[in-house]
Structures are given as C-alpha cells and as structure tokens.
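Each chain is listed here by its residues.
Protein chains: 4
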Amino acid sequence: MHKIPVGVLGASGYAGRELAALVARHPRLALRFAAAHGQAGERARLGGQDVTFCTADDAPLGETALVFTALPHGASAAWVERARAAGAKVVDLANDLRPGGAANSLLPSGKHATRELATAGNGAGEWGMPMSHGSAIPHSPTPFPAVPYGLTELTRAQVAGADVVANPGCYPTSILLGLLPLLEAGLVAPGATVNVSAASGVTGAGFTPKPELMFGEVTENFRAYGVGNGHKHLDEMRAVVADFGADADLLFTPHLLPIARGILATITVPLARPLAEPLSLWRDRFAGEPFVEIADAPPALRDVAHRNVARIHVTVAKHTRTPTLIILSAIDNLLKGAAGQALQNANLMLGLDEAAGLPL
Amino acid sequence: MHKIPVGVLGASGYAGRELAALVARHPRLALRFAAAHGQAGERARLGGQDVTFCTADDAPLGETALVFTALPHGASAAWVERARAAGAKVVDLANDLRPGGAANSLLPSGKHATRELATAGNGAGEWGMPMSHGSAIPHSPTPFPAVPYGLTELTRAQVAGADVVANPGCYPTSILLGLLPLLEAGLVAPGATVNVSAASGVTGAGFTPKPELMFGEVTENFRAYGVGNGHKHLDEMRAVVADFGADADLLFTPHLLPIARGILATITVPLARPLAEPLSLWRDRFAGEPFVEIADAPPALRDVAHRNVARIHVTVAKHTRTPTLIILSAIDNLLKGAAGQALQNANLMLGLDEAAGLPL
Amino acid sequence: MHKIPVGVLGASGYAGRELAALVARHPRLALRFAAAHGQAGERARLGGQDVTFCTADDAPLGETALVFTALPHGASAAWVERARAAGAKVVDLANDLRPGGAANSLLPSGKHATRELATAGNGAGEWGMPMSHGSAIPHSPTPFPAVPYGLTELTRAQVAGADVVANPGCYPTSILLGLLPLLEAGLVAPGATVNVSAASGVTGAGFTPKPELMFGEVTENFRAYGVGNGHKHLDEMRAVVADFGADADLLFTPHLLPIARGILATITVPLARPLAEPLSLWRDRFAGEPFVEIADAPPALRDVAHRNVARIHVTVAKHTRTPTLIILSAIDNLLKGAAGQALQNANLMLGLDEAAGLPL
Amino acid sequence: MHKIPVGVLGASGYAGRELAALVARHPRLALRFAAAHGQAGERARLGGQDVTFCTADDAPLGETALVFTALPHGASAAWVERARAAGAKVVDLANDLRPGGAANSLLPSGKHATRELATAGNGAGEWGMPMSHGSAIPHSPTPFPAVPYGLTELTRAQVAGADVVANPGCYPTSILLGLLPLLEAGLVAPGATVNVSAASGVTGAGFTPKPELMFGEVTENFRAYGVGNGHKHLDEMRAVVADFGADADLLFTPHLLPIARGILATITVPLARPLAEPLSLWRDRFAGEPFVEIADAPPALRDVAHRNVARIHVTVAKHTRTPTLIILSAIDNLLKGAAGQALQNANLMLGLDEAAGLPL
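Here the protein sequences line up with chains A, B, C and D, keeping their order.
Residue numbers for the first sequence follow my numbering, so the first one is 7 and each next one is one higher.
Residue numbers for the second sequence follow my numbering, so the first one is 7 and each next one is one higher.
Residue numbers for the third sequence follow my numbering, so the first one is 7 and each next one is one higher.
Residue numbers for the fourth sequence follow my numbering, so the first one is 7 and each next one is one higher.
One should not assume that every hint holds.
Identical chains share a label here; the pair holds if one copy fits it or two copies do between them.
As the list claims (entries may be wrong) - Cross-link-like lysine to any residue pairs, in silico, SDA-like; alpha carbons within 20 angstroms at most:
no.: 1; residue 1: Lys9; residue 2: Asp359
no.: 2; residue 1: Lys9; residue 2: Pro217
no.: 3; residue 1: Lys9; residue 2: Lys95
no.: 4; residue 1: Lys216; residue 2: Ala303
no.: 5; residue 1: Lys216; residue 2: Asp309
no.: 6; residue 1: Lys216; residue 2: Glu48
no.: 7; residue 1: Lys216; residue 2: Ala50
no.: 8; residue 1: Lys216; residue 2: Gln45
Everything labelled a hint here was simulated from the structure, so no lab data went into it.
Every value quoted in this text rests on a predicted model; they were computed, and no experiment measured them.
Work the whole structure out from these sequences, hints included.
Structure below.
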C-alpha cells in the first residue's frame with residue numbers, strides 16, 4: 007500500500023522526536039523529512055528507523071501531504087505559511103494559532119471550535135511549560151483567519167475538513183477534556199472559580215538545557231511555577247471556556263514533577279446544581295471515543311504513559327456546602343498532549359482512520 | 007553536661023527512625039531506648055550511634071523523662087497512658103489525641119489550641135497517609151482531658167507546660183501554618199471553600215511494604231488518593247479552622263509523589279477583602295520564628311528537605327473576580343511534619359532551648 | 007485471519023503482565039487465559055485489552071496451542087508437565103529447566119544448546135534477582151530430557167522444533183549475547199577470569215512487596231547484591247560457557263538500580279590474542295539478527311527500554327598488558343530478558359514470523 | 007570563641023556549595039567569602055546562612071587563613087598561587103596538583119604521599135566526571151614542588167604540616183581507600199588486572215547544564231562513560247598504586263547513575279595469596295579512623311549519603327581458581343569525595359580537630 011509522505015519541523019525536541027517516531031511506525035504514513043535546526047546531519051533512531059535530520063530550509067515541504075510544525079512558540083507561524091504555500095496541510099503544535107488571541111470568541115457565532123482570528127508571534131517561551139511567571143501577551147491579527155482548534159473530541163468535523171489545525175497545549179488538553187461535559191451541559195456554577203492544580207513531567211519544559219531542569223535539581227524535588235494565575239496556557243483555556251458561555255474564573259497552578267512524562271490535572275468545580283451520579287455524564291459524552299477513558303478510580307500517570315489517551319475520573323466532594331466536583335484528568339503530555347493528538351488530527355485531515363498509528 | 011534520657015516507641019518506622027536519629031545527635035538528650043515491635047534485637051545505625059531495638063514491653067519507660075510514641079493510629083493512646091503512669095512526659099505522633107474528635111472546639115471557651123476531650127482508638131490506618139479513601143470515624147471520650155495540640159508556632163505556651171502533647175499530622179502542619187495569619191486575622195471569605203491540593207513523598211505512607219509503594223510502581227508515576235474530600239487529616243484541620251471561628255469549607259486532595267520525603271501544599275483562599283501586600287502579613291506573624299521561612303519565591307521541596315522548617319510563599323491570583331490568595335507551604339514531612347516538630351515540642355516540655363538538636 | 011490461542015500462567019507478575027500485553031497486541035496470537043494465583047477474578051488492562059485473571063487450576067490449558075509459564079522458580083516444572091499433558095507447547099520462564107543443573111554439559115556431544123537433563127525444583131527464590139546471597143543448589147533429574155535453551159540467536163533451530171523451551175534468565179541473556187562471538191571464536195584467554203559487573207532495574211526482583219524494594223528505600227540508592235560470586239544465574243551462564251569449551255572463570259556481581267526496567271552488563275574479557283577491530287566480530291556474528299544491535303557507542307538503558315533488543319558495544323581497553331575487551335550489553339529485562347524473548351521463541355515454535363508482535 | 011576566617015573559590019558548583027555550607031555550620035570556621043564567577047551578587051541559603059556570592063577577583067584572599075579552590079580543572083593552579091601569595095593556606099579540589107603528572111612517583115624515595123612535581127593546566131574538563139572519553143594529557147612542571155595528596159587516612163602527617171594540599175578526586179578516594187590495606191600489605195597479585203566498575207550520581211558531573219544531564223535524559227537510565235580505560239582519574243590512581251610498588255594494571259569503567267549523589271566502586275582484585283578472613287585486614291588498617299567504616303554487608307549509597315565516610319565491605323569470590331577479593335567502597339561524592347575530605351584536610355592544616363564540622 008502506498009504510504010503518504012509527511013514531514014516534521016522541529017524534530018529534535020521532545021514532541022518532535024515523538025512525532026517522528028509515531029510517523030516512522032505508522033501503517034499509512036512515511037517520514038519524508040525530519041528537520042532539526044541544531045542537529046542537521048546527525049542521525050537518530052526513531053520509531054525503529056534511522057533518521058537523519060536536515061535543516062528546515064532543506065526540508066522538501068512540497069513533497070509532503072502534511073507537515074507537523076513542532077517549533078518554538080512564535081517561530082511557528084512563518085513556517086506554517088511556507089508549508090501551506092508549498093501545498094502541504096499543516097498541524098501546528100505551537101500556540102501561535104490557538105484560541106486566546108485577538109478574537110473574543112472562537113467563532114463569530116459564539117459556536118465553539120473554529121478560530122476566526124489567530125495570532126502570530128505570541129511568545130518566545132518554551133513549549134508548553136514556561137519556567138518563569140507567565141503574563142498576558144498582546145496579540146496581532148494573523149494570516150490564518152479560520153484555523154480550527156484541534157481538540158479532536160470537540161472539533162472532529164472542523165479538523166477533518168481543515169488545511170491547518172492548531173494543536174492544543176498539553177495542559178489545556180487534559181483540563182478541557184475533563185471539563186467538557188460540564189461546559190456543554192452548562193453545569194458550572196455562575197460566577198464560580200474553577201480551581202486547577204496540575205503537575206507535569208519535565209519533557210513539557212522542552213529539551214533546551216537549563217540549570218533548573220538538570221537531574222540533580224529535579225530529582226527528589228517538586229515545586230509550583232507560573233504561580234499567580236498567569237501561565238500562558240490560561241488564555242487558550244479561557245477562550246474555550248468563554249466560547250461555551252460559561253461565566254467562571256479559572257485559577258490554574260502548574261507544578262513540575264520529577265518524572266519524564268505525564269500531566270495530571272486536579273480540577274475542582276462548583277456546580278450550578280448537584281449531580282448524583284457524575285460519572286455517567288462523562289461516560290455518555292465520551293461513549294465511543296477511543297482516546298478518552300472514564301475510570302472508576304483516580305487515574306495514575308502510569309496508566310496513560312506512552313498511550314494517546316486522556317483518562318478521567320470524577321467524584322463528588324464531601325463536606326462542602328456548595329455542590330462541588332473533583333475531576334482528575336491524566337494524559338501523556340507528549341502523546342495526547344502533543345504528538346499523539348497531532349497525529350490524530352493529521353489522520354482526519356488526510357482521510358485516514360483517526361486511530362491509525364496511535365498507541366492505546 | 008548531664009543528658010536527659012528519652013525513649014522512642016515505634017522506632018523502626020520512618021518517623022520513629024528520624025526521631026531516634028535526632029535524639030542520638032541531640033546535645034542535651036540521650037536515647038534511653040528505641041522500641042520496635044518487629045525488629046527487637048536488631049541493630050541499626052541512627053544518628054551516628056549504634057542502636058539496638060527492644061520490644062515496647064521491655065522499654066524502660068520509667069527511666070526516661072519523656073517518651074515519643076510513634077505508633078500506628080489507634081495503638082498509641084494505650085502507650086501514652088503507660089508512659090504517663092511510669093512518670094514520663096509524652097509527645098504522641100499518632101492522631102489519637104489530636105483535635106477533630108468528639109469535642110466541637112479545642113477549648114470550651116473556643117480559644118484555640120488546647121483540647122478538652124481527645125479521642126482514642128480512632129483508626130488503624132497508616133501514619134499520615136492512608137492509601138484508601140478516608141471516612142468519618144466515631145470517637146469516644148478519652149482519659150486525656152486537656153492535651154495541647156503541638157503546632158508549636160500556635161500553641162507554644164500550652165506545650166511548654168504540658169505533660170502530654172498531640173503532635174500534628176504532616177499535612178495539617180503544612181496547611182495550618184500556611185493559613186494561620188489569615189485565620190488569626192479573620193480574612194477568609196465567609197462561606198468560601200479553601201481549596202488545598204497537596205502532594206507528599208512516600209515516607210508519609212509508612213514503612214509497611216505494600217504493592218502500590220514499591221519502587222517499580224511509584225517511579226515515573228503520580229496520582230491523587232483519598233479523593234472526594236474524605237482524608238482522615240480533614241477532621242484535624244477542620245477542628246482548628248473552626249476553633250478560629252472561620253466559616254469556610256476545606257476541600258483537600260492529597261497526591262503521592264515519586265520522592266522519598268517532603269510535602270507541598272498549594273492552597274487557594276477566597277478573601278474577605280483584598281490584600282495588596284500579602285507577604286507582609288506572613289512576615290509579621292512569623293517574625294522571629296526560627297522554623298518558619300517566608301519566601302519571596304515559590305518554595306521547592308528541596309529547600310526544606312532534611313530541615314525542620316515550613317517555607318511559605320503567598321501570591322495574589324490574577325484574573326479572578328473574588329480576591330484570592332495562593333499560598334504555597336513546603337515542609338519535610340518527617341521533620342517539621344513529624345519527628346522535628348515532636349522534638350521542638352519535647353524541648354519546650356523539658357525546659358530546653360526549643361531549637362536544640364533541630365536541623366536548620 | 008484466525009488467531010492462535012495461547013495462555014499465560016503467572017500473569018500478574020512483572021514478566022507475566024508484559025507477556026499478556028504482548029500477546030494481546032499480537033497480530034497472530036489471542037490471549038486465551040491469564041492465570042494469576044492471588045488476583046483471580048480481578049481485571050487488568052493489558053495491551054489495550056481488558057483481561058480478567060483466572061486461577062491456574064481453572065486455566066483451559068488444553069484449549070491453547072502454547073502456554074507461557076511465568077511462575078516462581080521451583081513451581082514451574084509441574085505446570086510445564088500439566089500443560090504438555092494437555093497438548094500445549096510450553097515456553098518456561100523459570101530457571102527450572104535451564105542449563106546448569108545435574109548434567110555437566112548441555113549435550114552429551116558437548117554440542118551446545120540442548121539440555122540432556124534438566125532439573126526441577128531448584129530454588130524458591132524470586133524471579134531473576136534474589137535479594138540474598140545465592141548459593142549452590144542440589145539438582146535432581148527431570149522428566150524433560152532434552153529441553154532446548156531458548157537464547158534464540160544461539161539455538162534458533164532447536165527452538166523451532168521444540169515442544170518445550172527453557173527461556174533464559176535476564177542477566178544470562180545480556181551477558182551471553184555479549185560474549186557469544188568470543189566464545190564461538192575461542193578467543194577468551196585460557197585460565198582467565200571474565201569479570202561481569204551488571205546492574206538491573208527493580209522489576210527484575212519481582213512484584214512481591216518487600217521492604218528493600220519500596221520506593222523510599224530504592225530512590226537515590228544503589229547497591230550490589232549476591233556479592234561473592236554466588237548468584238543463582240551463575241550456574242546457567244557457566245554451563246553455556248563450558249559447553250563452548252572455554253576454560254575461564256566467571257566473576258559476576260549484580261547491582262540494584264533505582265529504575266524500573268533494564269539491565270546493563272559491563273564485561274571485561276582477557277583475550278587469547280589481541281583484536282584490532284573487535285566490533286567487526288560482533289557485526290559479523292549478528293548480521294541479519296533483528297533483535298541484536300551492535301552500537302558504535304556505549305549503550306544506555308534508555309536505548310533499549312520497551313524494546314526486544316540487546317544493544318552491544320565493544321572496546322579495547324587501553325593501558326593493560328593483557329589484551330582485554332570491554333563489552334557493554336544492554337537489554338530491557340522484561341522484554342529481551344524475559345517476555346520478549348519468550349515470545350520470540352513461541353513465534354518460532356508455532357511456525358510464525360519470529361519478529362511478530364515484538365517491539366523494536 | 008574566635009572563628010577562623012576561610013574562603014571558597016568556585017562556590018556555586020556542587021562541591022563549592024557543599025563546602026560553603028559545611029563552613030557555615032562549622033564550630034570553629036567562619037565563611038569570609040564565597041566567590042562564584044557567574045552568580046556574583048546573587049544570594050543563596052547555604053548551611054543555614056544567607057550567603058552573597060562575590061567574584062573571585064573581589065575575594066579578600068588575604069583576610070583568610072585558608073582558601074578552598076573548587077574551580078574547574080586547569081583554572082585552579084593560578085588561584086592557588088594567588089591565595090598563597092596573599093598568605094592563605096590552600097586546599098585545591100581540582101586535579102591540577104594531584105599525583106599522576108610529570109613525576110613518575112609521588113616522592114623521589116618512592117615513599118608515597120607527597121608529590122615532588124605537580125602539574126598545571128591539565129584539562130579543561132568537568133569536575134570529577136567527564137562525559138566524553140578521557141585521554142592522556144601532557145603535563146608540565148609546576149610551581150608547587152611538594153604538594154601532599156590529601157587522601158587523609160594515607161597522608162595525615164604530611165597534610166597537617168602543609169600549606170597546600172591536593173584534594174583527591176571522588177573516584178580515586180573511593181577506590182584507593184578500598185585498596186589501601188592490600189597495597190600496603192603487598193597483596194595484589196603481580197601482573198594482575200585490578201578491575202573497577204564504579205557508578206556515580208550526577209553531581210559528580212558538575213553544575214553546567216548539558217543535554218545529557220537533564221532530568222528527562224537521566225531518569226530511568228544508566229550507562230557507562232569514559233569507556234576504554236581512559237578516564238582522567240586513572241593517572242591519579244595509577245600514580246598512587248605505583249608508588250606502593252604494586253605491579254598491577256587498573257581497568258576502570260565509570261557509569262552514570264540516576265541519583266544526585268554517591269559513588270559505589272565494585273573492585274575485584276586477584277591476590278598474591280589467599281586471605282581467609284579478609285575483613286580483619288581492613289578493620290585493622292582503619293581501626294580508630296572516624297571516617298572509614300568497615301561493614302559486615304555490602305554498603306548501599308544510602309548508607310553514606312550526606313556523611314563524610316567511606317563504607318567498605320570485602321568478600322572472597324567463590325568459584326575462581328585465582329584467589330580473588332571483591333571490594334565494595336561507597337562514599338558521598340560531594341563529602342568524602344570532595345568537600346568533606348577537603349574540610350578534613352583543612353581542619354588538620356589549621357590545627358583543629360580533624361572531625362570538626364563533618365557530618366557522621
């Protein structure tokens with residue numbers, strides 16, 4: 007069977023390597039190129055294949071059906087344009103084109119899931135996990151007027167018909183999938199604060215060496231970062247929450263775990279009205295979804311490591327006068343939180359089985 | 007200088023070993039015995055001394071000035087009585103005598119910090135960190151009518167004059183010290199939910215081998231436990247919060263970290279009124295306290311490992327309509343969360359320098 | 007395509023779970039049963055399938071083409087007999103039937119690779135990694151007179167035609183594959199000591215909870231065990247080495263690593279004569295072998311994790327008067343060191359592609 | 007009691023920070039300065055004191071009685087001279103002045119322990135643990151003609167009378183202390199190869215960020231480095247071994263452990279004649295030594311963490327025709343392997359109790 011050629015820009019970072027490996031093992035895709043700025047000419051073993059990195063400038067964009075851009079935030083938008091100009095579809099893993107920019111809603115109608123105006127150049131930070139306090143970033147208009155947000159379980163139809171998709175951030179993926187049934191049912195208490203304490207493994211902070219990411223500093227350690235509700239992923243999450251018309255504040259505190267991969271979000275939500283059997287709401291919403299598991303017990307990061315799934319558990323909090331849910335949502339930040347979801351979207355965009363090549 | 011003889015019951019568990027090591031290095035205390043049920047006759051090197059464990063029954067309680075009971079919850083109260091009958095003062099590290107039992111307040115007057123009625127036999131669970139969902143436990147009256155709660159920075163005077171002290175739990179120590187300035191100033195918003203997401207190293211779960219505590223299961227993993235707001239430490243915390251007259255719910259979700267020691271509590275508190283410079287409130291309250299550090303930046307568990315301190319940072323949350331604080335409180339669960347605070351209390355009870363023998 | 011039914015006895019241990027997961031994902035095999043003594047009735051998610059454990063007594067041995075016995079050493083031989091009596095082929099992962107028993111050589115002719123006399127009941131120790139000092143164990147005759155040793159790259163032909171195969175131990179797999187080219191070429195210096203310092207992750211010690219395997223004891227730790235050249239795997243290795251006629255002593259010191267999976271063997275071998283380009287000897291011997299990688303640089307355990315390969319590097323030692331090689335051999339102890347090699351053998355025994363269902 | 011002022015050059019690296027902390031807690035020493043090239047002006051909490059780093063050029067060398075130089079190899083010798091010129095004694099933690107340079111023996115007489123000619127500028131590598139393959143480095147004469155080697159238990163008298171001491175490397179400390187009784191008794195088999203497989207935590211590789219030292223690369227990993235018997239520490243060890251007249255080759259393979267601190271050396275030594283009770287030889291040699299523990303069982307790195315000791319165990323290997331010992335020697339690489347031993351030496355040079363301020 008003929009394989010469809012795809013390429014990866016930014017293939018030496020953690021997400022890029024994961025993508026290249028997924029593509030190398032994919033039954034219907036072939037890895038046409040793996041571009042990596044600093045490692046051009048070097049060889050790596052990815053997904054059972056020997057891969058030689060090229061520079062982005064040498065990447066044969068036009069010989070691929072689809073390009074994944076796993077570049078630093080801000081550097082991505084220009085390459086999305088170049089790949090489009092060369093005729094390739096694009097899944098962009100940076101936050102350049104995600105919701106939370108200039109537009110107030112995701113769609114003029116307020117109907118979620120496709121962005122009218124995306125933004126470019128919004129941040130030079132690390133992929134997914136800034137080590138310093140985040141802050142609001144001004145956005146400017148974008149040449150991609152209607153880029154769907156690739157939270158696949160929310161926007162499957164838009165993704166399937168799109169030429170460019172903005173792949174969600176790792177934290178937003180875990181948190182928004184956990185909140186989705188409540189948002190869709192309008193069950194978040196008006197005026198409430200949705201409290202999210204989340205923890206991520208170090209691969210979320212990228213592959214650039216920094217003192218605070220060295221083994222000797224991370225082992226036997228744990229700390230919060232981005233403290234004060236200023237993490238850059240908040241804009242992305244707020245935009246989606248607002249698009250559902252939910253009148254709630256998000257309070258998000260991320261933490262750095264001494265593990266390589268995985269995100270666990272612990273979300274507490276005051277409810278508009280009590281829910282006796284909350285799990286059924288999640289089971290109904292995600293029935294038939296191959297990449298969302300509703301679990302009877304709290305998920306552990308080990309349950310989702312090396313798998314393209316979100317694993318979600320929901321419990322009613324005892325001893326609170328406001329009816330409150332505790333939602334636990336676990337993902338592998340490099341798979342469902344980045345490369346896996348990107349491939350899920352790419353499969354749809356290329357007309358393939360959505361689950362092809364994705365580890366369960 | 008003559009050294010004061012003290013003993014440790016339960017000296018082979020994580021907290022007990024830490025206590026025996028602290029005593030062995032102490033300038034004014036001598037370790038008269040170290041009792042350990044299953045290891046009687048075995049030798050260990052603790053605090054630079056060779057220690058041979060005896061059985062609790064063989065422990066010469068009457069030849070000590072003070073006994074630390076680091077026994078399983080429920081097993082402790084009877085030994086507290088025996089040690090008292092033998093003439094020794096007692097610091098009890100179990101939760102048997104802590105607040106949260108039958109009495110509605112800590113003092114009839116509502117004045118905090120000394121318990122009128124404590125409880126016995128309230129639970130056979132693990133020390134500090136039950137692996138299963140907690141639940142309310144019925145309490146019965148106790149033979150210790152006025153046992154001070156040994157959160158030293160709150161109850162120093164009562165501790166100094168006491169014969170028996172109930173040493174706080176590890177989670178309550180980190181959380182209550184973080185909340186103390188707000189509670190004392192009456193700044194928690196009435197009717198609010200104080201949200202606590204906390205994470206602990208595995209020594210909090212005790213030294214008894216269980217499948218879920220094996221290295222192969224904990225490494226590269228992270229998970230919540232006691233989910234649903236039912237952790238046994240909640241009664242203890244609620245009793246203290248209520249004693250201050252705060253009209254707030256606690257919502258507490260603990261997590262298990264792949265590290266040996268340390269607790270980080272991430273606490274969000276809706277305020278009765280905005281605080282422009284919150285750190286000054288904490289700095290004022292803990293001025294001169296040797297074992298509480300108010301930090302300019304979020305604390306890391308590494309900052310407090312092997313030290314008898316709580317390290318606290320406070321930030322105002324951006325982007326919330328209710329004024330909200332984020333309090334981060336880090337301790338070493340075996341020191342300030344257990345053995346260190348127990349020794350701090352013992353020093354006071356024996357008329358010694360409160361800081362003697364405590365690592366800073 | 008019809009799938010061939012196979013079963014796993016001992017499916018709740020680390021090797022057994024890995025096997026069940028490999029079978030569940032296998033393109034040509036179906037998991038007919040997964041038996042686990044203590045967990046009968048419990049459900050687990052293995053290889054993307056929900057699996058319910060049965061007892062070994064309830065296992066429908068006769069409805070399978072092949073049974074994997076991943077039982078404790080000593081407990082295995084009896085089940086091998088029962089599975090054979092029921093008509094199933096067997097791959098035995100215990101050391102009950104491996105070389106090193108009563109017979110002095112693997113074959114009367116001295117031709118390696120098929121055992122004349124195997125042994126039963128030789129040890130109740132842990133799978134693969136005893137925590138206490140090993141010792142010589144008396145062997146008795148066996149009902150399996152000619153069980154091939156399943157070091158696949160050495161004994162492929164015998165395995166393909168066998169009804170029962172003794173799967174090698176994890177340490178022997180890494181060490182013997184590393185030594186194989188030297189043994190076959192007769193290049194080990196006569197009378198020399200082959201020095202092996204090896205280190206294994208904790209899954210090699212099995213899933214039974216023990217204090218020394220708890221996270222709090224293993225993290226930030228490292229130690230040798232089985233010190234004194236008495237590890238139980240030595241008999242197995244010595245038997246193979248002797249079968250090649252090599253006149254050398256083995257000196258083997260294993261260590262416990264604070265990681266979940268992986269074995270690295272660091273082997274130094276005095277040579278009968280100098281080798282200028284040693285790597286070519288390994289490249290030639292393993293040319294075309296899909297599961298042996300000869301590397302230009304020292305292998306890291308990360309290179310082989312979750313893959314069914316041995317990765318080997320060889321260097322000439324500088325500054326020694328005796329020509330000496332340093333061989334580094336890395337495997338995933340649960341895959342090439344246990345379940346993966348077992349499946350490699352099973353594929354051959356069932357006439358399937360040797361590589362089917364094995365992660366590269 | 008008046009405290010003696012000392013300074014630390016290179017105080018922001020792992021060894022330098024450890025030294026500054028030891029000095030800060032020392033009963034008889036005061037930290038006069040802590041110089042750190044890149045962090046000048048920054049503050050750190052070290053040993054319970056707030057320390058502000060200065061530049062080396064601003065360091066008041068002349069106001070100290072002794073300076074510790076914890077600088078990169080090659081950069082150290084010049085600062086040793088400057089500190090000496092300013093009147094301070096010096097303990098140098100680099101390998102610039104250690105044995106193994108131009109001189110063939112440590113003393114003209116062949117009597118060990120004081121170097122006639124030391125070398126300068128021999129290597130720009132990392133402290134203690136080069137990540138790349140080592141190689142022979144040409145040495146040039148030195149301005150420090152007779153710098154004692156500070157392996158305290160071997161050279162106590164020379165150290166006590168010295169103005170400059172070359173503090174041993176971390177690997178040489180663990181290995182040479184383990185071998186010392188055999189070397190002094192002339193028990194190493196003539197012509198034999200002493201085989202050393204050692205493993206170190208990451209702090210041995212220094213604090214400079216490198217991709218291969220990031221948490222995401224080290225966790226769940228293990229690998230050899232400096233493979234081929236070319237590690238830079240070999241010259242240092244060979245010089246000491248040769249000084250004892252031992253006619254043996256050293257074969258040394260270091261490995262990188264996923265832990266922060268600790269070195270375990272596993273040493274196998276062919277003996278000139280059998281030793282029935284080897285431990286007694288070590289017990290006799292180190293009787294009364296406060297910082298060497300002879301253990302009945304194999305030492306674990308946890309036994310020595312945060313302690314200034316070498317913990318040594320010795321066993322006779324079974325099943326080898328040459329009588330062979332297995333020596334296991336464990337240290338904390340930052341204490342007995344660097345800062346602790348440096349302080350031990352400084353205490354002697356300043357006429358203080360050798361054990362002052364050193365954690366046991």
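Consistency of the hints with the structure:
no. : hint            : verdict
1   : Lys9 x Asp359   : within (14 angstroms within a copy, 23 angstroms between copies)
2   : Lys9 x Pro217   : neither (42 angstroms within a copy, 34 angstroms between copies)
3   : Lys9 x Lys95    : within (16 angstroms within a copy, 39 angstroms between copies)
4   : Lys216 x Ala303 : between (36 angstroms within a copy, 18 angstroms between copies)
5   : Lys216 x Asp309 : between (29 angstroms within a copy, 19 angstroms between copies)
6   : Lys216 x Glu48  : between (22 angstroms within a copy, 17 angstroms between copies)
7   : Lys216 x Ala50  : between (23 angstroms within a copy, 18 angstroms between copies)
8   : Lys216 x Gln45  : both (18 angstroms within a copy, 15 angstroms between copies)
Checked against the numbered hints given earlier, this structure breaks only hint 2.
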